[in-house]
Every structure is written in structure tokens, then in C-alpha cells.
Amino acid sequence: MQGLMMDMPLLISTILQHAARHHGDTEIVSRRLEGDIHRYTYAQCEARARRMADALTRLGVHAGDRVATLAWNGYRHMEIYYAVGGMGAVVHTINPRLHPDQIAWIANHAGDSYLAFDISFLPIVEAIADKCPNIRGWIAMIDPDRQPASDKLANLINYETLIEGGSADFRWPELDERSAVALCYTSGTTGNPKGALYAHRSTVLHAYGAALPDAMGASARDSILPVVPMFHVNAWGIPYTAPLVGAKLVFPGAQLDGKSIYELFESEGVTYSAGVPTVWLGLLQHVKQNGLKFSTLKRTVIGGSACPPAMIRSFNDDFGVDVIHAWGMTELSPLGTLSRLQNKHMSLPEAEQQKILEKQGHVIFGVDMKIVDDAGSEIAWDGKTYGNLLVRGPWVIREYFRGEGGDPLEYDSEGRGWFPTGDVATIDADGYMQITDRSKDVIKSGGEWISSIDLENLAIAHPAVANAAVIGVVHPKWDERPLLIVVKRPGAELTKEELLKFYEGKIAKWWMPDDVQFVDAIPLGATGKILKTKLREQFKDYTLPTA
Numbered sequence: 001m002q003g004l005m006m007d008m009p010l011l012i013s014t015i016l017q018h019a020a021r022h023h024g025d026t027e028i029v030s031r032r033l034e035g036d037i038h039r040y041t042y043a044q045c046e047a048r049a050r051r052m053a054d055a056l057t058r059l060g061v062h063a064g065d066r067v068a069t070l071a072w073n074g075y076r077h078m079e080i081y082y083a084v085g086g087m088g089a090v091v092h093t094i095n096p097r098l099h100p101d102q103i104a105w106i107a108n109h110a111g112d113s114y115l116a117f118d119i120s121f122l123p124i125v126e127a128i129a130d131k132c133p134n135i136r137g138w139i140a141m142i143d144p145d146r147q148p149a150s151d152k153l154a155n156l157i158n159y160e161t162l163i164e165g166g167s168a169d170f171r172w173p174e175l176d177e178r179s180a181v182a183l184c185y186t187s188g189t190t191g192n193p194k195g196a197l198y199a200h201r202s203t204v205l206h207a208y209g210a211a212l213p214d215a216m217g218a219s220a221r222d223s224i225l226p227v228v229p230m231f232h233v234n235a236w237g238i239p240y241t242a243p244l245v246g247a248k249l250v251f252p253g254a255q256l257d258g259k260s261i262y263e264l265f266e267s268e269g270v271t272y273s274a275g276v277p278t279v280w281l282g283l284l285q286h287v288k289q290n291g292l293k294f295s296t297l298k299r300t301v302i303g304g305s306a307c308p309p310a311m312i313r314s315f316n317d318d319f320g321v322d323v324i325h326a327w328g329m330t331e332l333s334p335l336g337t338l339s340r341l342q343n344k345h346m347s348l349p350e351a352e353q354q355k356i357l358e359k360q361g362h363v364i365f366g367v368d369m370k371i372v373d374d375a376g377s378e379i380a381w382d383g384k385t386y387g388n389l390l391v392r393g394p395w396v397i398r399e400y401f402r403g404e405g406g407d408p409l410e411y412d413s414e415g416r417g418w419f420p421t422g423d424v425a426t427i428d429a430d431g432y433m434q435i436t437d438r439s440k441d442v443i444k445s446g447g448e449w450i451s452s453i454d455l456e457n458l459a460i461a462h463p464a465v466a467n468a469a470v471i472g473v474v475h476p477k478w479d480e481r482p483l484l485i486v487v488k489r490p491g492a493e494l495t496k497e498e499l500l501k502f503y504e505g506k507i508a509k510w511w512m513p514d515d516v517q518f519v520d521a522i523p524l525g526a527t528g529k530i531l532k533t534k535l536r537e538q539f540k541d542y543t544l545p546t547a
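So that you can map any letter, position 104 of the sequence shown is 104 in our numbering, and since no number is skipped, the others follow by simple counting.
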């Protein structure tokens, strides 16, 4: 017997329709590349998205076709999310920070039919045009009177002119909720990037899950500024979660420095933000140097890489801002865990609560996880034992686009597939997960594991340290030993001996880094993560003094 309920598919177009109908006058504010601040409402956004969907249909874009973007966070990018996905095609966000050759490879692998771009990325588009013969047109996201000419682009289309040709009578089609809606590629730190192809169903469920109080906790009372780019796993789903709850959206455009972000926080009454740790380093430095405070910001989600505990404490103690430490992956759409306290924790001393909040957190409904040893046997949740982290759920991929890499899943005794994250983690008795390393980054010294993340977090807690990374270096006796690589704060004085003394009493003696190297900068990837592959290459000929 089946339930007697309406059969309404879970489609992303219904999210924007809901926002337009029930939060129609709520603002979407964007800092444009043109230099001004653009304002309009969810009702206007939905109307323009329908017109763009009709215009793309007239261009010959069909269901399942991929339409790519090279764009910052802004209202036009938001419209493309819904126009392309809502009409049954697939929006493919490309990270413009990648090398042009890699961008061309991704566009060709995805089979993109059109590419929409912010005008600041015109040099990239011109560089890849000859390498992408299947792209039928290039859509410049700029006002018509500001669009430059280009001799290298055969079919250059203006976004605003295109949208003017679309009909306001377009109606969103009713699609199979399991049909594809968005395509994001991994950062490709090893080998070529691989595509995660999301469905309408998985995307809507993810938006629901993200909005839960113990997850991102978004509501219609919020003004949300996603610093995390819309080309980085769909800005962690915020362009779907915000309209689902009716929150005001503030898009920062290309200006992601601390001063520019702070100004938008204050002028637009931002209560909630999200981004990677490297972005917040710049923001905290700006507000501290200028003696500023946050008048409306209440909480921020920090993920993408492990957030140093010192940063969590600074946000909380110095500025009264709650940090929601989160973990996820492109393959998870991306949310997996978020760190929020439970009822049982409310009576704990503040220091113990802080230790919980420094972990990557607890799963939300829709994600299951476990840790296993190298033989695949499940490991106890004692908060101490390290294991390989596996996940499963309705917004976790089962395979990569075009079958790249074969079947990535690991199967348990009951035949259920689990996705291997590549992370090494512990899980405590309350189900709180803590990443201790990437499996390829963990340091194995004398058969025992040393967490590079723990060592990095301690270094960053030193007031003279701006950034730090730890890599394993070959040792003749211990196989590997940790090398600490440090960027000092401007004008700061710091010696190797002072920094190593800072570690004393905070870690096991055998965890102590064997050496410290000071550098001007640590290489970061396209999403702000430390590129340890480049650090290993940089220090490939380095010999530890203990060796």
C-alpha cells in the first residue's frame, strides 16, 4: 500500500519559485565588476531566470546539455544556476583560478555547449577558445555598453541582450527529480580533475539538510554573504539554501580582501557568512589592525580545510562571532559534518565545549560515516583511534562523471557502497568526527602516525606565525619525520628554537618537528587549500638535521 500524497518532484526551480512567491521582496545584493552595488529581489531574480531559460532554449540548449560558467559570486551567476538547471540542462561551474590548459581540459571533458563568463576572465576565455571547439558561444556577463570586442571569440554574446530576447511567459518544466542539475569538478591535486554530477533530488535534499538548526542553521532572519565562491562546490549550497528559507543574499563579487568583505558585512547587515580559513585570516587581520568590531555578524561557517583552533577562539573571544566548523567534499555536495553542541554538552565547562567545537563535527541527517583500518574493518568510536573515513548518503556521489576512475566505492559485508574520502579521522563516543590528516599527508614515523594538521594548528596559534604547513621528510631510521614550514607575520621576529619551545608540553615528545624552515609564502590551491604536493617538490632535496 502506498501513501495518498501529492507526487511533486524535488526540483531546484521550486526553490526559487517558493522564494519569489513567499519572500518576493527579500533582497539579493551584489557588488558588480562594473563597480556599483546592484539590488533586486527574489521575485525579480526568478523572473529573469525564466527569461534566461527561454533565451537559452532558443539558442538550442536542450535538457542534459552542459552550460559552463567562469564567474564570481553575483546575481547573474545566481540566475544562470536556476535558468540552466531549472530548464533541465546542467550548470557547470569552472574554477577560474585553475591554469587555462586545465580549464580547457575540463570544459572539453564536460562537453560544454556554451560558457558564460565575467568580463574579468576574458583573457582566460580568449586563451582557451581555440582549444574548445565544441563550445558554440561565449556569453559575456556584463552590461551591453561595457562589453569589449574580441577578435578571438567567434560567437560572443552579451548576457543582458540575450536575456532581453527571452520570454517572460516561460514556465519551468516538470522534470525527473533524479535528472542532473549541476556539475562540479574536483580540484585535481592528483591527476586530472573528476566531475561530480549532482541531481535535482540530491541538491534539494542537501539544501534542506544544510538549513537545519544543527547544520548551517539558516533562516529568513539572516543576511547571508557567501565568501566561498559559487565555482567552489556551488558555494557550499548557499545559493539553494538561502532562497529555500528566504534569507537575504549578499554577493561580494571579485573583491574578497578583508577590507571589502568587512564593508559589505557592515553596510548590508550581514549576520552569517561562509568561507575557507585563508579568507578569514585576511579579514581578522584587517579588523584587528584597524580596531574594528562586527555590528551584525553572529556566525560563520568555516570549512574547505581544517580551521585552526586559534581562529575559532579569536572570532568568539575577540568579536563574539560563533564559528561553525564544517567538513565536506565536492563528492558530498559538499556538506558532511558540522560542529554544534548538543543538549548533553551545555553543562560542560567552556574549555570542554571548545574542544568539541574545534572538531569537524557531527553528521546531519542524510550522511552516514564510519572509520575503518587498512583491511576495511570498522574501528571503535573512542576519539583516539585513527581510521580511514568512509561516507554514504543521498547527496554523496556513487561514481564520477563519465565513469572516470571506475567504481570508487568500498562495499561492506551487506553489499552497501561507501565512498572513501581519502581523509584520516577519529570519531568520539558522541559521534563527533575530527580530521587528523589526508591519507596521503599523514606522517608515518616508526610505524606510528603523526597528525600534520595538529602540528599546523599549534604553529598558527603562535602570535608571530601567519601561516604554517607540515610535511613528512624521509628519515633513515624513522621512515618519515615532520618538517615545519612557516610564514611569519609582517615585522615579527621568530626563531626556530622559540617556535619549537612553544610546542613543549602540548604534544608528545616524539611528535616534535625535527626542523623549521621559514618561507615567504606557502603555495595555495585554487580553493585556498595548502598544496603539500608543491611543498614536497620544493623540499625534495632537503635533508633533516637529525638524519
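Among the hints, a few may not be true.
Unchecked claim - Beta-carbon label-pair distances, calculated as ranges: (1) Asp322 - Asp145: 39 to 47 Å; (2) Asp368 - Leu292: 37 to 45 Å; (3) Gly64 - Gly405: 18 to 26 Å; (4) Asp318 - Lys355: 36 to 44 Å; (5) Ala43 - Gly320: 33 to 41 Å; (6) His22 - Glu174: 17 to 25 Å; (7) His22 - Ser267: 47 to 55 Å; (8) His18 - Asp176: 18 to 26 Å; (9) Asp322 - Asp130: 22 to 30 Å; (10) Ser120 - Pro463: 31 to 39 Å; (11) Lys355 - Thr495: 27 to 35 Å; (12) Gly64 - Lys298: 13 to 21 Å; (13) Asp7 - Asp145: 44 to 52 Å; (14) Ala466 - Asp368: 36 to 44 Å.
Just so you know, these hints were derived from the structure itself, not from any lab.
These numbers come from a predicted model, not from an experiment.
For every residue, glycine included, the Cβ atom is placed at its ideal position computed from N, Cα and C.
Against the structure, the hints come out as follows:
1. Between Asp322 and Asp145 the CB atoms are about 44 Å apart, so this pair conforms to the stated range of 39 to 47 Å.
2. Distance hint for Asp368 and Leu292: a CB-CB separation of about 42 Å, consistent with the stated range 37 to 45 Å.
3. A hinted range of 18 to 26 Å for the beta carbons of Gly64 and Gly405 is consistent with their spacing of about 22 Å.
4. Checked against the hint of 36 to 44 Å, the C-beta distance between Asp318 and Lys355 comes to roughly 19 Å, which is inconsistent with it.
5. Taking the beta carbon of each, Ala43 and Gly320 are about 34 Å apart, inside 33 to 41 Å as hinted.
6. For the hinted restraint 17 to 25 Å between His22 and Glu174, the CB-CB distance of approximately 20 Å keeps it satisfied.
7. The given range of 47 to 55 Å is broken by His22 and Ser267, whose C-beta atoms sit roughly 26 Å from each other.
8. Under the hint 18 to 26 Å, the C-beta atoms of His18 and Asp176, about 20 Å apart, fit the expected range.
9. Checking the proposed 22 to 30 Å range against Asp322 and Asp130 shows it is violated: the Cβ atoms sit about 49 Å from each other.
10. Judged by the Cβ atoms, the range 31 to 39 Å given for Ser120 and Pro463 holds: they are separated by roughly 36 Å.
11. Between Lys355 and Thr495 the Cβ separation comes to about 30 Å, which falls inside the hinted range of 27 to 35 Å.
12. At about 41 Å, the beta-carbon gap between Gly64 and Lys298 misses the expected band of 13 to 21 Å.
13. Between Asp7 and Asp145 the beta carbons are some 48 Å apart, a value that agrees with the proposed interval 44 to 52 Å.
14. For Ala466 paired with Asp368, a C-beta distance near 38 Å keeps the hint of 36 to 44 Å intact.
Checked against the numbered hints given earlier, this structure breaks hints 4, 7, 9 and 12; the rest are met.
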